[in-house]
Each structure stands twice: as C-alpha cells, then as structure tokens.
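Please arrange chain V with the ligands on chain A, whose structure you already have, making use of the hints.
Note that the protein sequences, when read in sequence, are chains A and V. For reference, each letter of the first sequence is one residue, going 0 to 326 in numbering that gives the first Met the number 0. For reference, each letter of the second sequence is one residue, going 0 to 326 in numbering that gives the first Met the number 0.
Straight-line alpha carbon distances no greater than 35 angstroms define the calculated DSBU-like cross-link-like pairs of lysine-lysine that follow:
(1) V:Lys172 x V:Lys88
(2) A:Lys220 x A:Lys239
(3) V:Lys196 x V:Lys88
(4) V:Lys172 x V:Lys196
(5) V:Lys172 x A:Lys220
(6) V:Lys172 x A:Lys239
(7) V:Lys196 x A:Lys220
(8) V:Lys242 x V:Lys172
(9) V:Lys319 x V:Lys291
(10) A:Lys220 x V:Lys88
(11) V:Lys196 x V:Lys242
(12) V:Lys88 x A:Lys239
Sample of chain A residues facing chain V (criterion: CB under 10 angstroms; computed from the structure):
(13) Arg215
(14) Thr216
(15) Ile219
(16) Phe221
(17) Arg223
(18) Ala224
(19) Gly235
(20) Val313
(21) Arg316
(22) Arg318
Think of the hints as simulated: they come from the structure by calculation, not from any bench. C-beta atoms are modelled at their ideal positions from N, C-alpha and C, and glycine is treated no differently.
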Amino acid sequence: MFAFIVSRLFQALPVMFTVSLISFAMFAYVGDPVAIMLGQDYTEAQRQALIRDLGLDQPFFVQFFEYLKNAVQGEFGLSYRLARPVSDLILERAPATLELSFTAAFLALAIGVPMGVYTGLYRESWLSRFFLTISLIGVSLPTFLIGILLILVFAVMLGVLPSFGRGDTVAIGWWTTGFLTASGLKALILPSITLGLFQMTLIMRLVRAEMLEVLRTDYIKFARARGLSNRAVHFGHALKNTLVPVITITGLQLGAIIAFAIVTETVFQWPGMGLLFIQAVSNADIPIMAAYLMMIALLFVIINLVVDLLYYLVDPRLRGSLAGSAR
Amino acid sequence: MPLLEVRNLRVEFPTRRGVLTAVDDVSFSIDEGEVLGVVGESGAGKSITGTAIIRLIEPPGRIAGGEVLLAGRRIDNIAPEEMRHVRGKQIGAIFQDPLTTLNPLYSIGRQLAETMQTHLGLSDRDARARAIRWLEDVGIPGAAQRIDAYPHQFSGGMRQRVVIALALCAEPKLVIADEPTTALDVSIQAQVIALLKRLCREHGTAVMLVTHDMGVIAETADRVAVMYAGRIAEIGPVRDVVKGARHPYTEGLMGSIPSLTHRVERLRQIDGSMPRLTDIPRGCAFNPRCTKVFDRCRIERPDLMATDGPTRAACWLYAKGEARDAA
Ligand SMILES: Nc1ncnc2c1ncn2[C@@H]1O[C@H](COP(=O)(O)OP(=O)(O)O)[C@@H](O)[C@H]1O
Ligand code: SF4
Ligand SMILES: [Mg+2]
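If we strip away everything but chain A, and leave its shape as in the complex, we get (with noise of 0.2 angstroms):
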C-alpha cells in the first residue's frame, strides 16, 4: 500500500517536471519582465542590476534549477501587477476556490448518484423521464448562461441570494472558509450550483448507464436468484460495481471542476484562483500564470492518486496488480 502510493508519486514527477518547463519557459521567454518591473525611467545599470538579481543572465538550465528550487519551496516570485508574493496571492485564493469546487462536486455526487440510480432501476417511470429531460438541459447549457440565468431569477428577480461575492467569512489559520456563516453559505449556493450542475448531470447519466449494463449481469441475476432484498441487490451488489467508473470520471471531473471554477468565478466575481488567473492574463502577470499552472497540475496529480486509491479500496480484482505494479 504505502509502496504503491510512493511509486504513483514517482510516476507523478515527469508530469510535475515537464509543466514546471512550460511553466518556467512561460516565465522566462513571454513578455519582458524587466521593463515590466522597472517601468519608464531607469538607467541602464539599474537595468543590469535589475537582470543579475533576476538571475536572467544566467544560463536556461540555473535559471530553470533556480526556479525549480523555489516553486518546491512555494516560491513563485513577485506578481508584476501586485508587486506581492504570488504564493501569498494563491494561498489567499486557493481557500475560495477549493471550497466553491468541493461543494460543486458534493452536489454533483450527492445529486447525481441517486438520480442515476433512480433512474436505471425505473426507466421507464415519468419521474426518470423528467430527470433525463433537465439533464438535457444541463448538459446543453454553457456554464455563464446558467450562472446568468440562476442570478437573473434568485438575485435580480427574487433578491433572495446574492449575485457576487463570497459574503462573510471566518479565518481559520491562514484559511477563510464560508461554511460558518448565512451569508457566506448563501453565496455559495448559486455558485455551486452553476459549477456543478454539469458534472452532476453527466454523473447521473453514467451512473444510470452503468447501473443498466450491471443489472443485466449475471451475478445480479444470482443475488436475485438467491432472495437478496432490492435494498442488498441495486444498492449493495449493482450499485458498488458502477463505482469504479464513477470513481474515474469524478475524479477527472473534479480537476475539471477546480480548472474551470474560472467561468464561474467570472460570472460570480467569486474571488478564487480563477478569477486571480483570468486578471493575470490580461495584465500579462506571467508569474501568476506560471504558478496557477503548476497549482493545477499539483491538483490533477493528486486527485488522480485518491483515484488509484479508491479503485484499490472498491475493486479487489486490482489489488494485486496495483500491489505488482508497486514492487
């Protein structure tokens, strides 16, 4: 177990090192730092001195050692626009984003699982009609319309939910979570809903596909043959085995979700990574680009190692070739 878990991190450094390249090369070769960071009157010593503190005149691989060592240890520089520590910038961020995203994929699971469900067991029911028809619609619909529709009707139209925003939050440590508070959950509520209810749709939709194929199996045939209740049957035997895709796919979702959290920051000015990455690009702030960069790819690399975990927890058959695949 712990084997297995040390050789996916292994497996994970080429990916690591290969976005930290496009990451480094990003910073060092697009736009021009230098007169970025020394703005209109400077002396051509200042600039000197300016690209030897930058470590610029040295060659690509020190340059790329050096940044290397510093992103290891949090350290991606001075935001051009901000002139502050970008890693400060992100940790302040990460807490606003991460919390919209866990609460999208929640919904997504929470909802989507059952309707799945639901919807697999009785096909034919007008109940699961409905249910198909408005994942339909979720699945057709951009995300900012949605976000735009929810806020035209719950803000504009009803005034019951707030339309920007996180509201209030509580600092716990160097993170501020809206959990805690009514105006925080408030805000969250459409949001969530926004960044979720693609993935919960298309959650439903492959947790009721897989449930067809599993229920016409044979060993669901047998439990049935055997007397099991529905209850053991559809939620214990049919049920356990659509996991290991829905694990798949929810787990590439949910780096999906976290990545294009930046739509709906957008729309909600939800201030998150997102929404720090979309003003970074347009002031061209290359060192915050480069570091969400890599903040994503750390993401996808360690949702994608609680992924191989969970596969190892549900399905026994991959036990001992994941075990194998560790030695």
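Frame of chain A, contents of chain V with the ligands only:
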C-alpha cells in the same frame, strides 16, 4: 403431492417481429428429493422454463399463462416480496458460467453469509461459521483461510463449487441447475456433478438438472424431460427415455449418443435443425425433420399423451386410432 408442479406454462417475448413463444404449454412435476433431467437442443426453452419458475424472466418477456405450484401452493401469482422468500430459501439456482455468476467485488464469505442471513436470520458469527462449513462441504481446501478471498482468486471449478454452496446454503427443497458443468473444464465436470448429487441426496433436495450430457442424465436423473422448440416432446423415467424412447425426436437424440457398452450400429444424426421461434411449423414442430411424419402431423399440434411404454410423448403416433406404422 409433488414438490413442484408446472401446469401449462407459457412464456412470451414481445419483439418487433411479433410475439415469440419461448415456452409453450409446458407441464411437468418434480417430487421431493427427485432429480428431473431436462435435455434438448440449444434454444429449446430449457433455461427460460427454469427462469420462469423462479420468476426472473427479463421484461419485456413475461409469463403469459399457466401455473407454478410449490408444495401445492401457487407461486406464480404471489406478491414479489413473497416470491423473494421463495427464491434462495425454497428454490435454489445454479447458473451455467461460474465466472460471471459471482459478484467480483464481494468476498465469497460475504456472499454466503448475506444469503443465509437473509433467509435464516443468523448472527454474523453464526453465518460466518456456517459459511466456512459450507465451503468445506463443497470441497474448498483451506476453507477457513479462503473465506475472505474474492471470486477471481478461485479457478472455474472452485467457483462453481462456491455457487453450489450459495444455491444450497439456505436449505431449499428444490434447486434448478442450468447446465452447471457446461462452462467447466471437461476434466472436472464429473467431480462437480458428483458433488451436486451427493449434497442434494444428503439434504433431500430435489433437482431440476438441465444438461446436454446424456451420460450425466443417465447417471443422475430419476426422470427426464426432452424439450423441443419450447415444448416437452417426451417425459418419463430415465431408463425408458434413454433406452426405449417413443418420440421420434428423442429416438434420434438418444441415437446420436455414442455408447461404449452397446456398440451402436451408427451414429444417427437427425437431419435439419430445430426451427427458430419465429418460424415454428404448423402442427407438430418436429414434422419437417421427422422420418415418421404423416398428414395429421402437419395440421394439428400434439400434446403429451400416453404411449405404449412408461413415457408420455407429444406425438400423433400414439393417439388412439392412429396406425403405428404410418409413413
Ligand atoms: N430476451 C429474449 N428475447 C427474445 N427471445 C428470447 C429471449 N431470451 C430467450 N429467448 C428465446 O427463447 C428460446 C429459449 O431460450 P433458452 O431457454 O435460453 O434455450 P435453452 O434451451 O438453450 O436454454 C430461444 O429460442 C431464444 O431465442
Ligand atoms: S407427431 Fe408426427 S411429426 Fe411429430 S414426432 Fe410424431 S410422427 Fe413425427
Ligand atoms: Mg440454456
């Protein structure tokens, strides 16, 4: 009173090309502790008959007529929840392919325990102890150590032993074994049949044994039913069906078994093949292949009737007033 009585059972599958009658007016009975062999070509309706008895026909397929009585009580019309207590507890089932019959994600001990707990109300500890005893009974070496193993860790033969344990563990009075050895390696088929025979004799369990293997039938069954195109062609004591078949189809079928004791003059194959359900000929379904066919066979469908021997056959040759030697 017979243990199981099937009266005029009829199973239909609505399809785009019309309603297919997979089981047509089938009647037979099984006494307590008796082994009824069921033989017939692939597609004759053997599996569907067994599946209909435990009411696990996949919709849109349905039981369109007839009655099924277990110990004198009708089970074809009782509530689904009541039927659930019949399955496993009163009628066990063994399927053809042990590789697909067991849930891959549940340990075999868990599958045994949940079956017994569903029907016998055992505590976790008792269920586990009994599960180990069942595994020993079906000849799993090191049962106590292997109870927590998963199906993929067993060979096909061992898995079928587990399936047999699962079918019998709630002490049903009847077990429906649908080609229990067809998917197994030839070298272990005899062992598995011997095991099934021994356990059923010990527990006084009656068996409906569907098989292609006439050797198994001759050794194991008390009576035999021969199915053809969804109907029973002939039924009677095993010796008489094997050695003194009255129905021309059975005669052909038995003629095609190579016998080591009596050097059969030639392997007699029946010309042609069984009709598909969509084009069953008028009259006797066997008439295009029958060497003794005569006019009445092409017009009227024969029901099972007494013959001049101990078996009953669905053949006009035995109708009163028909000339036996009609060509
Ligand atoms: N789901 C289904 N839809 C339509 N026809 C079916 C279905 N299942 C079985 N049948 C038909 O029922 C007939 C009997 O099948 P079966 O009982 O499985 O035969 P066997 O005697 O080989 O066990 C076959 O001809 C098959 O085509
Ligand atoms: S009824 Fe006629 S066709 Fe059918 S088996 Fe008997 S003799 Fe042959
Ligand atoms: Mg069959």
